[in-house]
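Participant: Required output: the full structure, derived from the provided sequences and hints.
Just so you know, the protein sequences line up as chains A and B, in that order.
Every letter in the first sequence is one number past the one before it in numbering that gives the first Met the number 0, and letter 80, counting from 1, is 79.
Every letter in the second sequence is one number past the one before it in numbering that gives the first Met the number 0, and letter 25, counting from 1, is 24.
Read the hints as simulated data drawn from the structure, not as lab findings.
It is possible that part of the hints are untrue.
[To be verified] Sample of chain B residues lacking proximity to chain A, with all beta carbon distances greater than 10 Å (derived):
| hint | residue |
| --- | --- |
| 1 | Pro43 |
| 2 | Pro73 |
| 3 | Asp84 |
| 4 | Gln88 |
| 5 | Ala113 |
| 6 | Ser169 |
| 7 | Lys199 |
| 8 | Gly201 |
| 9 | Val211 |
[Said to hold, decoys possible] Listing some non-contacts, in silico: residues in chain B with all C-beta distances to chain A over 12 Å:
| hint | residue |
| --- | --- |
| 10 | Ala40 |
| 11 | Tyr97 |
| 12 | Trp180 |
[Stated by the list, open to error] Subject to a maximum C-alpha distance of 30 Å in a straight line, what follows is the list of computed DSSO-like cross-link-like pairs (lysine-lysine):
| hint | chain 1 | residue 1 | chain 2 | residue 2 |
| --- | --- | --- | --- | --- |
| 13 | B | Lys203 | A | Lys255 |
| 14 | A | Lys435 | A | Lys317 |
| 15 | B | Lys150 | A | Lys255 |
| 16 | B | Lys33 | A | Lys255 |
| 17 | A | Lys189 | A | Lys199 |
| 18 | B | Lys33 | A | Lys368 |
| 19 | B | Lys150 | A | Lys435 |
| 20 | B | Lys33 | A | Lys280 |
| 21 | A | Lys122 | A | Lys69 |
By construction, the Cβ of each residue, glycine as well, lies at the ideal position given by its N, Cα and C atoms.
Here is what each chain is made of, one letter per residue.
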Amino acid sequence: MKTFSLRFRLAFTLILLTVITWAVASSFAWFKTYKTINELFDTQQMVFAKRLSVLPIDLQLIHPPLERTKDLLKKKNRGHQDDDALAFAIFTLNGEMVLNDGDNGHKIPFNFHREGFSDEPVKGSDDLWRLMWLKSLDGHYVIAVGQELEYRQEMAVDIIVAQLLPWQIALPIMLILFLWLLTRSLKPLKDIASQLIHRKPNELNAIHVATIPREAEPIVDSLNVLFKRINQMFSRERQFTSDAAHELRSPLTALKVQSEVILLAGNNAAIREQAIINLTKSIDRASRLVDQLLMLSRLESFSQLEDITDLSWTDLIKQAVNDIAPEAALNNVTLHTHFVESPPRFKGQQLLLSILLRNLLHNAIHYGKQPGCVEVVLFNQHLDINDNGSGVSSEELERLGERFYRSPGQEKTGSGLGLSIVKHIAKLHQMNVLFKNRDQGGFSVTVSW
Amino acid sequence: MRVLLIEDDRLIGDGLKVGLTQLGFNVDWFYDGKQGQLALAGAPYDAVILDLSLPGIDGMDILKNWRQSGHDEPVLILTARDALDQRVQGLQSGADDYLGKPFALAEVAARLQALIRRRSGKLSPLLTHGSVEFDPVAMKVTLDGNDIQLKSKELSLLSLFLHNPGTVFSRALIEEKIYNWDEEVSSNAVEVHIHHLRKKLGNKFITTLHGVGYRLGSEQ
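Facilitator: Here's what the structure looks like:
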C-alpha cells in the first residue's frame with residue numbers, strides 16, 4: 000500500500016498553487032506595468048524633444064555641455080533625482096554635438112536616420128537606450144532625447160516587488176491557518192483509527208463517532224457492515240462447530256458401545272461377529288460424517304468458485320451414473336438416464352457438480368424403494384432425479400436440506416448433511432434445487448439453472 | 000430385569016440391546032418414539048432408557064406423558080446435548096438420571112442397577128441372601144465366597160428374586176420379567192431355570208408355592 004500524508008500533500012499543493020498563481024499574475028502585471036511605463040516615458044521624451052525643437056534660432060551653441068546637475072545644485076536642493084532618468088543632446092546636421100545636458104547626454108552617438116524613436120547602444124556601454132530623434136523647427140539642428148531601457152525595466156520590477164511584499168507576510172499565516180483547519184477536520188479519522196487499534200479481536204460491534212465528515216462516512220459505514228458480516232460469520236461458525244460436535248457424539252457412542260459389546264461377547268461368536276460388523280459400520284458412518292462436515296465447512300467458506308471449466312451436463316451425468324452403478328446394484332436399484340434435451344455447455348466446477356449428482360443419486364438409491372429404479376432426466380433448463388419410493392411428508396419436505404436434519408423414523412444411517420451440501424453447491428453455481436413428491440408416487444429433486 | 004430402550008440410532012440401539020442382554024438385562028428396544036411410548040404400559044418394566052433426540056417426537060414429551068399418566072418407572076435419559084439447563088429440565092420433567100453421549104455401556108448398566116436398587120429401597124449395590132452374594136454391576140455371584148457361573152437368564156431370575164425378597168412371582172410374571180417380546184418362551188422354561196438355580200445355589204434358595212408361584216427361600 001502506498002501511503003502519503005494528506006496534510007503534507009494538501010499543504011504542498013496549496014503552496015505550489017499559490018506560487019504558480021502569483022508568478023502568472025505577477026508576470027502579467029509586470030508586462031502591463033512595463034507597457035504603461037514605456038508609454039509614459041515615450042510621451043515624456045517626445046514632449047521634451049518638442050520643447051527643445053523650438054529653441055531660439057539665434058542661440059549661440061558654442062559650449063556643448065551644460066553644467067552637470069551635481070555641480071549646478073547643492074545636494075540638499077537637488078530633490079530625489081535620478082541621473083539616468085532622461086538625457087539629451089543637440090547636433091548639427093553634420094553630426095557635431097552642439098549641446099548636451101551635462102550628465103549622460105554626451106554619450107549619445109549621432110546616428111540620425113529619420114525622426115522618431117529607436118533603440119540603440121550608447122558610447123562607452125553595451126546598454127540599450129531609447130532614443131527620440133527630432134529636427135529643430137528651423138531644420139538646422141537634430142535633437143536627441145534618450146533614456147536607458149534598463150531604467151524603465153528596473154522601475155517596473157520595483158513596482159512589482161513592492162506589490163509582492165504583503166504576500167510574503169500573508170502566505171505563512173494562511174499556511175498555518177490552513178494546517179490547523181486540516182488537523183481539526185482530520186481528527187474524526189484519527190479517532191476512528193485509535194478506536195480500531197484498541198479493539199480486541201472479538202470486539203465486533205459498530206464503530207461509534209460523534210461527528211464525521213460526510214466524505215469519510217462511507218468508510219465508517221463499510222467498516223460497520225464488514226464488522227456485522229464478520230460477526231454473523233463467527234456465530235455461524237460457532238453454531239456449526241457446536242452442531243458438528245454434537246453430531247459426532249452419536250457415531251462415537253455407537254463405536255464405544257459396539258466395542259464394549261465385543262468385549263462382553265465372551266465365547267459367543269455370533270454376537271462378536273455381529274458387533275464387529277456394526278463396529279465397521281460405525282466407523283464408516285463416523286468417517287462419512289467427518290468428510291461431509293469438512294466438505295460443508297469448506298463450501299460455506301467459499302464465496303465464489305475456483306477452477307471453473309467448460310462442462311457438459313451429459314458428460315457429468317454419465318460419469319456420476321457410472322460411478323454409482325455398483326452401489327445401485329448392491330441395493331437392487333436400476334438406474335436410467337434420459338437425455339430429453341441437450342443443454343449447451345456451461346462454466347462450472349467439475350468436482351463440486353459431481354458431488355452434487357453423487358449425493359442426489361445416493362439419496363435416491365438409499366431412500367427410494369429397494370428393489371426399485373432411479374431415473375435421471377435432462378432438459379435444457381433443468382434436470383430431475385426421480386425415485387419410485389414412498390416420498391416424504393409435507394412437514395419433512397420443508398425441512399429437507401437443513402443441516403443435520405434427518406427424516407423421522409429413518410432406518411438408514413446418514414449424516415443429515417448430503418442435501419445441505421447439494422444446496423450449497425447449487426447456490427455457488429447460481430442453480431436452484433427443488434424437492435417434491437411426484438404425483439405418480441416417489442420423490443423427485445429438480446436442479447434448474 | 001426388564002428394561003425398555005427407546006433409541007432411534009440403529010447402531011447405538013443394537014449395541015445397547017446386545018450389551019445389556021449380555022449383562023443380564025432383558026431389553027425391549029423401540030426405535031420409534033411413539034411406539035416406545037405406548038410400550039411402557041405393555042409389560043412390567045423395571046427401568047426405561049430414553050433417548051431425547053428422537054425424530055418426529057421429543058423424548059422429553061414422552062417422559063412428561065408417562066409421568067402424567069401415572070407411570071413411575073425409573074427413567075434414564077440419553078442425550079447428545081449436554082447443556083446444563085437441558086439437564087435440569089430433564090430432571091424436572093421426571094427423569095431419574097441423565098447420561099450424555101458418548102457413554103460407556105458399563106456406565107449405563109451401573110446406572111440402571113442403581114435406579115432399580117433405589118426403587119426397591121436398597122442402598123448397598125451388593126445383594127445378599129444367606130451365603131449367596133450377588134454383584135449386579137459385575138454380574139458376579141458367589142456362594143460361601145466361591146464364584147458360581149450363571150447363564151444370563153439365570154442371572155435375570157436371581158436378580159429378580161433378590162431385588163424383591165418376600166414377593167411371590169407367578170410363572171407368567173417371571174416370564175414377562177425375564178423374556179422380551181422377541182424371544183420364544185417354551186412352556187417349562189421358567190421351571191428349567193429355577194431347577195438350575197437350585198442346583199447351583201442350594202435347594203432351599205427358591206421356595207415353590209404350589210398353584211401360586213415362586214418366592215425367595217428363607218435365609219439359612
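Participant: Each hint: holds or not?
Facilitator: Hint check:
1. Pro43: holds (26 Å)
2. Pro73: holds (21 Å)
3. Asp84: For Asp84 (chain B), whose nearest Cβ neighbour in chain A is about 15 Å away, the distance exceeds 10 Å, so it holds.
4. Gln88: At about 17 Å from chain A, Gln88 (chain B) clears the 10 Å cut-off, so the statement holds.
5. Ala113: About 18 Å separates Ala113 (chain B) from the closest Cβ of chain A, which puts it past 10 Å; holds.
6. Ser169: holds (31 Å)
7. Lys199: holds (18 Å)
8. Gly201: holds (26 Å)
9. Val211: holds (36 Å)
10. Ala40: holds (21 Å)
11. Tyr97: holds (14 Å)
12. Trp180: Non-interface label stands for Trp180 (chain B): nearest chain A Cβ at 19 Å, farther than 12 Å.
13. B:Lys203 to A:Lys255: violated (42 Å)
14. A:Lys435 to A:Lys317: Given that 30 Å is the threshold and the Cα spacing comes to 24 Å, the pair holds.
15. B:Lys150 to A:Lys255: Between Lys150 (chain B) and Lys255 (chain A) the Cα gap is close to 25 Å, so the pair holds against 30 Å.
16. B:Lys33 to A:Lys255: holds (27 Å)
17. A:Lys189 to A:Lys199: With Cα atoms ~18 Å apart, Lys189 (chain A) and Lys199 (chain A) stay inside 30 Å; holds.
18. B:Lys33 to A:Lys368: The hint holds at about 24 Å.
19. B:Lys150 to A:Lys435: violated (53 Å)
20. B:Lys33 to A:Lys280: Between Lys33 (chain B) and Lys280 (chain A) the Cα gap is close to 27 Å, so the pair holds against 30 Å.
21. A:Lys122 to A:Lys69: Judged against 30 Å, a Cα distance of about 21 Å means the pair holds.
Violation of the numbered hints given earlier is confined to hints 13, 19; the remaining hints are satisfied by the structure.
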